[in-house]
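Trainee: The lines below spell out each chain.
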Amino acid sequence: MGFVADTGPGVIRVAMVDDHALVAMAVRGLVESDPSLEFVGHAETVAELFQRVGPADLVILDLRLRDGSEPAANVERLRRWGARVLVLTSGEDPYLIREVSRTDVLGIVRKSAPPAAMLAAISAAAAGDSIATTEWAAALDSDPSIESAPLTDREREVLTLYASGLGAKQVATRLGISENTIDDHLRRIRAVYHSVHRPANTKVELYQRGVEDGFLPGPTSG
Amino acid sequence: MNAAGRSELHMRRALLAALAAFGLVGLILTQTVVGRLAPISLPDWYWLVFNLSFLAPVVAAVIAAFVEVRWVRRLAGAAFFGVVVALALLLVVAIVDPGLEGQVPWLISAAGAAAGSAVIAWGMRAAWLGLGVITAMNWSITALVGDLTPHRVSNDIQALLFAVVTILLIGALVRGAHDIDRVTATSVRAAERRAAAQARRAAAERARTIVHDDVLGTLLQAARGSPELDRALAAPAAAAAARVRALAEPEATGAVPLTELRRHLAELARREVPGARVIERIGPGAPTELPVAAALAIADATRQALVNTSRHARGAAVTVALLAGRASVRVMTSDDGPGFDPALVGPDRLGISASILGRLRAVPGGTATVESAPGAGTVVTVSWQGGAEGGTAATSSVGAALAASSSGTAAAAERWALPADQLFALVLLLAAMTALAGYSSAIVDERWVPATAIVLVFAGLAVLGWLPLQRPSLPRALAAVVAAVLAASLVAAGDIADYRLMTGWYATAAAFVMMVLALRSRPFLSFLGTAAAIAVAGTASAVRGASLVDIVSVLFRPALIGIGVTLIVVLLAALARRVRRMNRAEVEAASAEAWREAEQAERQERWAGLDDLVGPMLDRLAVGRPLNAAERQECAILEGALRDRYRGARLAREPLVSAARRARARGVDVVLLDDAAAEHIEEGELGAIAHWMAALLDEVGGGTFTGRILPADRRGRASATSGEDATLFRGEEAFTRMTGGS
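If you read the sequences in order, they're chains L and X. FYI, numbering that gives the first Met the number 0 numbers position 37 of the first sequence as 36, with every residue one higher than the one before it. FYI, numbering that gives the first Met the number 0 numbers position 255 of the second sequence as 254, with every residue one higher than the one before it.
Don't read these hints as lab results, they were simulated from the structure. Treat the hints loosely; a few may be bogus.
[Claimed, not checked] Just a few of them, taken from the derived set where beta-carbon distance is under 7 angstroms, the chain L residues facing chain X:
1. 111
2. 113
3. 133
4. 141
5. 145
6. 163
[Claimed, not checked] Now the stretches of chain X that chain L is said to cover, found in silico as 3 or more residues with beta-carbon under 8 angstroms:
7. 221-232
8. 666-672
9. 705-715
Quantities reported herein were computed from a predicted structural model and do not represent experimental measurements. Virtual Cβ for every residue (Gly too), placed ideally from N, Cα, C.
Produce the entire structure from the sequences given, and follow the hints as far as they go.
Mentor: Right under this line is the structure:
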């Protein structure tokens, strides 16, 4: 975490970047309904957030801003700034969701999701947990480039079930495995998806990537 | 005029005119020189028929310039029958009058022109048949009038040779023109499809931006809002309504705005190579818009470059730079990947040749280059310069035009017919020349002369090779010219008393070598070579004491073949260039038209519908009066319906649209996803999916419902999930429960 909390202990500061002031007002209402969260401000662009709003532990970022900025670049700037990022989407563009899924975001949530689901996602993100949503899973599951990704059959099955609209509990029941195992699968799916478009110019780099991502065994010591 | 059949029509007309010109030259030569040698005494009416048979093609060619291809073919057929009738009458006269003796007219040499007319009229098979008939009549007449002299036999074999080559040449040219038309028609259709698809994408993307920026957000907030928020929504709602209506305004221009191209390229880079850097430099004098064809070509070429990069230089740093300056636009796609050696990559590989270079070069003002080296990355540059005159210089070779046209996919199936004809003609030519050489050897004292001549002629042809229509290197071409000139000069090498008997075939055979050279993109060398051969052979003959009449009668045919064919080749190349320019203009016009139509269609289908769908509610929100519960629910329903249109794509159809509306009214959070957008699904199956999904959705009382068309190659076609229940659609009446409730 990039900033020392200057509010009460355990209270997490949440900021919002969205060019619709009304969306920000609605999100503010949700955030303030959770006593462990504090809404610290809203900005229309990432730059404005840095200048005007100040430190935040979690930034809720609109996927598509009117300033023409790239979603992935926005996430990277916010991560460098030290904030965790949860992305909101109107839900109509799987390309942008894929793009931002390759960055270090905790999750991608549909703006029109029921308020309870939205709040659950914000709270989970505030705690540093990743969130797997139908929109996220469907965008990855339908990405042609994932076909060549080194996913196991079980991992592909998990992704498809998520994309169908099932939640962790239903997926676990359906596959007869624990929710913890589902989380492990989701973590690896994220890692693999990051690697699908990561630069790997040489075979050595490719091997290093493989080791980093756990696809290949590392050099044994001794 | 439509592109369909344009090349073929022009080609048939031009060839008919060329044959008429040959006939006319033949007639003049007959009347002035050859016919005066020892003419057969024929009735006056026959000479009238004879002259008419030569003039008929001229009349036909003049009329052909004004009529459609069907009538051009009929006129060519009439020209063929003119020769057949003249020969038939001569045959009758020869049969009726046994005492008739002497040299038969030059009509017999006109077999070539007649056979050529037959090709234009009915095609090559009919022409071979026609040539057979003419040859049979010709030899019968020769036998009947007692003209079976060595000179006559030699002359007839040469005439046969000329006819064979004529059939082959004209057949290939007509076929090539036909192929150009087919390729053009294919290009027009492809260009229309490309333009339409791109126009739709551009229109949809613009609509999507507006929908996202204004409409979805406004509706969602209205659905979730409070009376205080409702007042704040008035201004955004009014702005959204205005933008939605502005979308429905028709666009006046068929050109593509530069801003649209910039947006499209950025989108392309984002989709094809995520992480690619996009740089834009818009300098002074940059065009505000581009012709549709240029914009399409740039966009398609850039896409191909990006696809190649992601395929061959995975993980490389990729930059797309758009540089616009004085009336020009340049897009450079570069990567620091492994690169390749362009010299080692065939023109058909990597998608470079056809997709990038070809597309751009086909556009007026368009250029494209691909630079790469192993280990040094790849730079693909595509550019367009405004105000450029129609395209790049076409090749001067008819052969290259034919080769290019026959490489078109449409022609692939029929290409096999050509080599068989060529092989047949080659065998016939070589056999005829060998026969002439053998015949000469049998009747002259200096046997080395015909032996040397045939060796030289065969050597000349061998040096050029038999790879159809390929341009020979300069040394090879020069070697062929030297061989041909030497062979022609042998006409004066033997006993001058034999001069007129048959020795002329050396010069004619040499002229065939020149003709092959002209057809292989060396018309200038062919022309010079023919002139040199005639000059050397003529001078040598004169020095040896041959008479002028003899010299002309021996050398007129090689001169006609060498120089005439060269001229035809040059004229036809110019014609091919003109037709290609016209076809390019056709492709461009078709693209522009398709763009306009598709954009209008997209606007009507999507944008106009958008206003119908959300316009009234946005107007209501713009008033700023607090919403009641029913209106708030309606906003939620509209927001969902709009989202379905974009993310649900093909699922946004009845009865699912109505079922989703009812479900949202019940408070169900409905998500529809079309995740097989690139895959074609039959309308019937889509309808079945919509019915199936609607029935399931109607049973859902609350919570979330997700309906999804699955990506290709999954176990089912679609899935429907609510609560703990997930069901898979595998086809009508066949779906499986994925989980729970079973």
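Trainee: For each hint, tell me whether it holds in the structure or not.
Mentor: For each hint, the structure was consulted:
1. The restraint placing residue 111 of chain L at the interface with chain X holds, with a minimum CB-CB distance near 6 angstroms, inside the 7 angstroms limit.
2. For residue 113 of chain L, the suggested interface contact is upheld, since its CB lies about 5 angstroms from the closest CB of chain X, less than 7 angstroms.
3. At a threshold of 7 angstroms, the smallest CB-CB gap from residue 133 of chain L to chain X is about 6 angstroms, leaving the interface hint in force.
4. At its closest, the beta carbon of residue 141 of chain L sits 4 angstroms from a beta carbon of chain X; the interface hint therefore holds under the 7 angstroms criterion.
5. Annotation: residue 145 of chain L was flagged as interfacial toward chain X, and the flag is violated, the nearest CB pair being 9 angstroms apart, outside 7 angstroms.
6. Checking residue 163 of chain L against chain X by beta carbon gives a least distance of about 4 angstroms; that is within 7 angstroms, so the hint holds.
7. Residues of the region 221-232 of chain X lying with their CB closer than 8 angstroms to a CB of chain L number 5, which satisfies the three-residue condition for coverage.
8. A count of 3 residues in the region 666-672 of chain X with a Cβ less than 8 angstroms from any Cβ of chain L is obtained; the coverage claim is therefore met, three being the minimum.
9. Residue count for the region 705-715 of chain X with a Cβ under 8 angstroms from a Cβ of chain L: 5. That meets the three needed, and the coverage hint holds.
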